[in-house]
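Trainee: Sequence:
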Amino acid sequence: MVNGSILGIAYNVIPVKNAKKSGEWFVSHFGFNIRNDRGNYISLFRDNRPIIDLIESDNDTRAVFEVNGRSRWVVTFFTDDIESLHMRLTSEGVTTRPISNEGIYGKFFVFEDLDGNLFDVWEHKDCELIF
Numbered sequence: 010m011v012n013g014s015i016l017g018i019a020y021n022v023i024p025v026k027n028a029k030k031s032g033e034w035f036v037s038h039f040g041f042n043i044r045n046d047r048g049n050y051i052s053l054f055r056d057n058r059p060i061i062d063l064i065e066s067d068n069d070t071r072a073v074f075e076v077n078g079r080s081r082w083v084v085t086f087f088t089d090d091i092e093s094l095h096m097r098l099t100s101e102g103v104t105t106r107p108i109s110n111e112g113i114y115g116k117f118f119v120f121e122d123l124d125g126n127l128f129d130v131w132e133h134k135d136c137e138l139i140f
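In terms of our numbering, the sequence shown opens at residue 10 and continues consecutively.
Among the clues, some could well be false.
[What the hints assert, rightly or not] If you anchor each label on the Cβ, the simulated ranges turn out as follows:
#	residue 1	residue 2	range
1	T70	D90	16 to 22 Å
2	S100	N12	29 to 35 Å
3	G40	S80	41 to 47 Å
4	R47	T88	37 to 43 Å
5	E92	Y20	25 to 31 Å
6	D67	P107	30 to 36 Å
7	K26	P107	35 to 41 Å
8	Y50	P107	20 to 26 Å
9	F74	R97	37 to 43 Å
10	V76	F54	19 to 25 Å
[To be verified] Taking lysine to aspartate or glutamate and the EDC-like style, the derived pairs with C-alpha atoms no more than 16 Å apart in a straight line are:
#	residue 1	residue 2
11	K134	D89
12	K30	D46
13	K29	E65
14	K26	D124
15	K26	D67
16	K134	E101
17	K29	D46
18	K134	E111
19	K116	E132
20	K134	E92
21	K26	D89
22	K26	D69
23	K26	E75
24	K134	D90
25	K26	D56
26	K30	D89
27	K116	E75
28	K26	D90
29	K116	E101
30	K29	D124
31	K30	D124
32	K29	D122
33	K29	E75
34	K30	D56
35	K30	D90
For the record, the hints were derived by calculation from the structure and aren't laboratory data.
Backbone N, C-alpha and C define an ideal beta-carbon position, used for all residues, glycine too.
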């Protein structure tokens, strides 16, 4: 690899109405830890690894876009046990879509946060993810 190459994505920034409330929601459902709480801007980490930053938006902007009239997400998380995660989130009242098994591409499901931001969750046994 050449020095100065992109090595991956450090974190994603998500617009929310209330950073504190949204941060607590992500901590509760995913076990993230809050770091760098700046009031209207909160960084969420998994241990020492940044995951997402929540920033209060001045308008009704959400991290969602449409393709052929269907809402899509901008962030995909990954898991090693999609069925257990889906079952837990659903039982906790998180709005989730059904798990989709896309064969060689893996398994996926979509969930919604407090602000209507959509997130994708992916499980793939044959893909190496480096942290």
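Trainee: Compare the structure with each hint and give your call.
Mentor: Going through the hints against the structure:
Hint check: T70 to D90, Cβ distance near 33 Å, so the stated range 16 to 22 Å is violated. A beta carbon spacing of about 47 Å between S100 and N12 contradicts the range 29 to 35 Å that was offered as a hint. Our hint of 41 to 47 Å for G40 and S80 is violated, since their Cβ atoms are close to 26 Å apart. Checked against the hint of 37 to 43 Å, the C-beta distance between R47 and T88 comes to roughly 29 Å, which is inconsistent with it.
Between E92 and Y20 the C-beta distance comes to about 27 Å, which sits within the given range of 25 to 31 Å. Judged by the Cβ atoms, the range 30 to 36 Å given for D67 and P107 holds: they are separated by roughly 35 Å. Here the CB-CB span from K26 to P107 is close to 27 Å, at odds with the stated 35 to 41 Å. As the Cβ distance of Y50 to P107 is approximately 34 Å, the hint placing it in 20 to 26 Å is violated.
Checked against the hint of 37 to 43 Å, the C-beta distance between F74 and R97 comes to roughly 28 Å, which is inconsistent with it. The hint said 19 to 25 Å for the Cβ distance between V76 and F54, and at roughly 31 Å that hint is violated. Of the supplied pair hints, the one linking K134 and D89 holds, its CA atoms being roughly 8 Å apart against a limit of 16 Å. Between K30 and D46 the CA atoms are separated by roughly 12 Å; this keeps the pair inside 16 Å, and the hint holds.
Among the hinted pairs, K29 with E65 is consistent with the structure: their alpha-carbon atoms are about 9 Å apart, no more than 16 Å. Taking the CA atoms of K26 and D124, the gap is about 7 Å. The hint holds against a cut of 16 Å. In summary, the hint linking K26 to D67 is supported, as the alpha carbons are separated by about 8 Å, within the 16 Å threshold. About 26 Å separates the Cα atoms of K134 and E101, which puts this hinted pair outside 16 Å; it is violated.
The hinted pair formed by K29 and D46 meets the criterion: a straight-line CA distance of about 8 Å does not exceed 16 Å. Between K134 and E111 the CA atoms are separated by roughly 13 Å; this keeps the pair inside 16 Å, and the hint holds. At roughly 5 Å between alpha-carbon atoms, K116 and E132 fall within 16 Å of each other, so this suggested pair holds. Between K134 and E92, the direct Cα distance comes to roughly 13 Å. Compliance with the 16 Å bound is thereby established for this hinted pair.
Proximity of K26 to D89 is assessed by CA-CA distance (about 31 Å); at most 16 Å being required, the pair is judged violated. With a CA separation close to 8 Å, the supplied pair K26 and D69 stays within the 16 Å bound. Taking the CA atoms of K26 and E75, the gap is about 21 Å. The hint is violated against a cut of 16 Å. About 10 Å separates the Cα atoms of K134 and D90, which keeps this hinted pair within 16 Å; it holds.
Of the supplied pair hints, the one linking K26 and D56 is violated, its CA atoms being roughly 25 Å apart against a limit of 16 Å. Taken as a hint, the K30 and D89 pair is broken in the structure, with Cα atoms around 27 Å apart against an allowance of 16 Å. Of the pairs offered as hints, the one joining K116 and E75 is violated, with about 21 Å between alpha carbons and a cut-off of 16 Å exceeded. Proximity of K26 to D90 is assessed by CA-CA distance (about 30 Å); at most 16 Å being required, the pair is judged violated.
As the CA atoms of K116 and E101 are separated by approximately 21 Å, the hinted pair breaks the 16 Å bound. Restraint check for K29 and D124: the C-alpha separation of about 13 Å stays at or below 16 Å, so the hint holds. Between the alpha carbons of K30 and D124 the distance comes to roughly 10 Å, so the proposed pair stays at or under 16 Å and holds. About 13 Å separates the Cα atoms of K29 and D122, which keeps this hinted pair within 16 Å; it holds.
Annotation: proposed proximity of K29 to E75 is violated, straight-line Cα distance about 28 Å (limit 16 Å). For the hint linking K30 to D56, the alpha-carbon distance of about 20 Å lies beyond 16 Å, and the restraint is violated. Annotation: proposed proximity of K30 to D90 is violated, straight-line Cα distance about 27 Å (limit 16 Å).
In summary, the structure is inconsistent with hints 1, 2, 3, 4, 7, 8, 9, 10, 16, 21, 23, 25, 26, 27, 28, 29, 33, 34 and 35 from the numbered list given earlier, while agreeing with the others.
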